[in-house]
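Hey, can you work out the whole structure from these sequences and the hints?
Sequence lines, in order, name chains A and B.
The working numbering puts the first sequence at residues 11 to 649.
The working numbering puts the second sequence at residues 2 to 229.
Don't read these hints as lab results, they were simulated from the structure.
None of the hints are false.
Simulated restraints on C-beta separations:
1) A:503 with B:228: 19 to 27 Å
2) A:625 with B:142: 43 to 51 Å
3) A:429 with B:66: 28 to 36 Å
4) B:190 with A:637: 31 to 39 Å
5) A:411 with B:211: 56 to 64 Å
C-beta atoms are modelled at their ideal positions from N, C-alpha and C, and glycine is treated no differently.
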Amino acid sequence: VIKKLSKNLFAKFIAFILLVVFAFTTLFSGVGCLISFNENFFTKSRKEVTDDLYSDISYEISILIYNSSYFDYNGDIYVSYGRNYNVTELADFVIYNSDTNEVLHANPNQIGSGYIAKYYSYFKAYYNSLNDDTIDAIKIEVKLKPLSENSVLKLREKLIIFYYDNRFSNLIFFLITFLMTASMFAFLLYSAGHKKDCDNISKGFLEKIPFDIFTVISGSIIVILLMLCIGVADNITLTIYSYVEPLILKLFAIFLLLLSAGVMFVIWSISFAKRIKLKITLKSCVMYKFLSFIFNKFKVVFKFCLTIFNNLKVVWKVSIIFIAITLFEILISVLADELEYYVLLSILEKVFAFPLIVLFCIFIQRIKECGGKLANGLTESKVNTEYMFWDFKEHAENLNNIGKGISLAVEEKLKSERFKTELITNVSHDIKTPLTSVINYVDLIKKEEPKEEKIKEYIAILEHQSNRLKKLVEDLVEASKASSGNLPVNLLPCNAQIALEQAVGEYSEKFKANNLQLIVKKEEAPISILVDGRYLWRIFDNLLNNICKYALPDSRVYLSLIKRDNIAEFCFKNISKYELDISAEELTERFVRSDKSRSTEGSGLGLSIAKSLTELQNGMFEIYSDGDLFKVVIKFNII
Amino acid sequence: LYNILICDDEKDIVSALKIYLNTGEYELFTAYNGAEAVEIVSNNEIHLILMDIMMPVMDGIEAMKEIRKFSNTPVILLSAKSEDIDKISGLNSGADDYITKPFKPFEVLARVKSQIRRYMQLGSGKPEQETLVVGNIELQDKGKVVFVDGVNAELTPIEYQILKLLMENKGQVFSPNEIYEKVWKFSPIGTENTVAVHIRHIREKIEITPAEPRYLKVVWGQGYKIEG
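So, in structure tokens, the structure goes:
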């Protein structure tokens with residue numbers, strides 16, 4: 011219902027009228043209540059209340075009489091008859107000495123009769139100090155006539171009596187009217203902005219005025235009206251001099267002033283309510299707009315400065331910060347004229363600067379640690395960029411990206427190596443099966459013992475080449491495995507002399523067959539190295555095999571085992587049959603051989619395999635060639 | 002007449018092997034995958050199986066495991082897989098020998114012969130006194146002769162002494178110097194590689210493939226030992 015009413019303009023108008031009515035009745039009954047409490051209406055009888063009223067009136071009259079009386083040199087009192095006779099309520103008055111009750115002055119001619127009350131007021135009397143016969147105080151007895159109709163005092167009496175008679179009901183009336191006023195006000199606030207056929211809060215004309223300006227204007231209007239009202243009210247005295255006609259005029263003026271102030275207040279309140287509902291209270295302020303404008307401008311400038319600062323080089327940043335600190339310190343020393351303040355401010359500055367410096371150090375430490383880890387191959391390590399800023403953050407992110415890149419590359423490399431080894435192994439399996447048939451059938455043809463010499467020759471070639479192919483395939487697999495580290499290595503202590511001796515023993519027949527003279531030199535004291543025996547043999551096998559194949563016939567071959575510091579050195583030296591037209595490094599590359607030896611047996615993988623296997627066992631493999639002298643040195647750590 | 006089963010998915014290899022083994026001593030059966038091999042072994046008395054590993058339907062290892070459930074016929078695996086790990090896993094799954102492809106025909110023949118002799122003589126052979134036996138090697142101390150697969154290996158006296166020392170202490174590793182001291186009875190000074198050369202010669206006489214010895218093994222950097 012309230013919602014419907016809130017959209018009805020007529021209801022709002024009624025509510026407004028009711029608000030005014032209730033407000034004034036509240037004011038009226040409120041004044042009554044105030045008087046009731048002030049004059050203790052709840053404990054006094056009706057007679058006492060009227061007596062109090064008459065006493066007040068007679069007091070006012072006695073003041074008048076006292077003010078218009080004077081003392082002569084004899085101490086005689088005189089009253090200048092003037093205004094006091096105009097007081098229509100005055101019936102008679104007598105002035106006594108308050109100590110002796112002696113009559114000092116009596117009205118010479120009766121001015122009234124049938125008084126309704128007789129009241130005394132005491133005054134301290136001031137008269138000629140030359141007179142010894144002083145009177146300390148005088149007493150003025152005032153006798154009142156019945157209050158005439160249409161007089162202000164009669165109105166006052168009626169009002170007081172009305173308030174007294176209705177003192178309890180007035181209290182309740184006040185409460186009710188106050189509540190009604192409040193609820194009407196609340197309804198107006200609630201319905202503010204609601205319009206017929208519209209769900210949203212509508213903006214009125216007043217809401218276009220900035221709120222603070224509106225508030226200032228309406229506030230000042232209200233203040234002016236209230237001040238006028240107070241001014242008028244100050245003029246009102248419900249005393250013996252007042253006349254009824256101007257009083258009513260004044261009351262009417264007060265009513266109008268109060269009414270317009272109230273209306274102004276209600277309008278302001280409604281507008282305020284609307285603004286709150288629209289959430290534009292603050293935004294519609296001129297001050298707010300002004301401040302936010304200033305702030306925005308400031309923000310842009312600040313941002314601009316920050317951008318410039320961020321794009322500066324580290325040197326400039328540090329310089330600017332340093333200069334800023336220095337300026338601050340100079341400022342301190344200028345401002346702080348006393349030494350104590352200077353010290354205090356300096357300490358304050360240090361307290362702020364210290365955590366910052368520590369923070370910088372932490373950042374550097376973090377970056378340094380990560381860099382160290384990256385250098386040691388821990389590519390997974392990352393810098394924690396939390397709280398970092400400026401160049402620190404940039405640098406840390408770069409490091410993180412490097413780490414990511416390296417680990418990606420390593421992973422790729424490992425994957426491709428594994429893939430390559432797998433591919434070579436699988437292909438070699440596929441080659442071996444047909445190769446088996448080839449070798450077997452060549453052998454079978456040989457067994458048939460063909461008569462023709464040419465066929466025999468061809469078969470010999472076939473046999474030789476198929477065997478070469480077999481060796482090639484086997485070496486290929488081994489080379490790829492050795493170089494990719496895909497071999498299980500079982501390192502055990504091994505006597506270097508015995509190993510060399512055994513290898514030489516295996517090959518002595520072959521050397522003899524190739525007319526090569528073998529000279530072996532080795533240390534007497536046993537040398538122990540950590541190797542995998544099988545792989546060590548493969549290295550020797552390959553090297554000795556190479557020597558048998560490529561050494562110049564009828565030349566000497568030198569093998570030696572030397573202990574140098576903590577290293578055992580196997581040295582193989584021979585004179586090459588062919589000119590060495592490639593560098594030592596290239597010799598260990600897979601498939602590389604001296605061009606002229608291409609046609610001979612061997613896969614060209616021998617040295618490559620030997621090198622990979624040596625490295626697999628933590629050894630070093632070096633090749634030297636000097637003219638036709640070919641030398642291989644293998645080094646292992648002695649244990 | 003011994004029955005031999007040849008099993009390989011490569012028909013050319015099977016027929017080549019058939020030609021080699023067709024010496025009149027053996028009756029030959031052929032199969033082209035593991036399942037066929039299992040069936041033939043279960044239906045016939047087979048004395049030796051030559052089998053490939055990588056085959057369709059059922060591979061060699063699986064077939065061998067099936068066969069091992071009801072027969073202890075010797076199995077020689079023929080495979081293009083030449084890695085140590087392949088050999089070890091093949092032998093561990095119950096094979097008696099492992100030949101890598103491409104193989105030499107005479108090597109296969111020698112191994113076939115060796116396995117059959119061993120299988121047929123198993124339990125029946127009564128070694129004479131003072132006879133040392135390791136695998137197919139028989140050392141008769143009385144006549145100072147060594148027989149490999151029943152054939153005299155014709156070792157020289159020094160070679161015989163070395164082999165005897167190693168066979169008497171089967172599995173023990175002797176360094177070249179120890180062997181020299183025990184055989185030559187001199188201290189080994191300036192002996193160079195005498196022992197190693199002799200060992201090489203012995204291997205050539207008693208092993209089918211000296212480069213991959215089955216019995217006389219080299220422990221690199223340590224010495225030599227007999228295993229079997």
